[in-house]
Amino acid sequence: MIKEFQEFIMRGNVLDLAVGVVIGGAFTAIVNALVEFIITPVVVALSGEASVENLAVSIGSATIQYGQFIQAIIDFLIIGLVLFLFVKFINRFKRKQEETAEVEPEISSTEKYLREIRDALVEKETALPSNLTDKDSSI
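Numbers 1405 to 1543, taken from this note's numbering, label the letters of the sequence shown in order.
No lab work stands behind these hints: they were computed from the structure. Ideal Cβ placement from N, Cα and C applies to all residues, glycine included. Heads up, some of the hints might be wrong.
Unchecked claim - Ranges between beta-carbon positions, derived for each pair:
#1 1422 / 1495: 17 to 25 angstroms
#2 1501 / 1426: 47 to 55 angstroms
#3 1409 / 1526: 54 to 62 angstroms
#4 1480 / 1408: 37 to 45 angstroms
#5 1501 / 1531: 41 to 49 angstroms
#6 1478 / 1434: 12 to 20 angstroms
Generate coordinates for the entire structure from the input sequences, incorporating the hints supplied.
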């Protein structure tokens, strides 16, 4: 049972998931800092209030705090936008790396002539009758 557990833990998918969770936690800190220190001050400057969490309506003895729900939607949209921009930036960076890696150096004219000579020799060798190629190979 211990061996099976060790095999399970050492699988690539489990390790990838663990790395993803750790990176996700670190990324959450970045997004929270962005929202708290950059986006929220802009919202306060424009609207005068930092959040809509305090919005509520009372019906009898019950209080419906719909502001909490609206704030959760706003937070979700902000986090989604930041993730979208982050992934878009990373993909653009990857594409640029792939494009620079795929550029093939231009062949010099000397190399072109050498390739043509090689191809001509190969064609000439395949065009010779078999009895001539056997004698040539013994020389």
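Check: Which earlier hints can't be squared with this structure?
Finding: As far as the earlier hints go, only 2 is violated by this structure.
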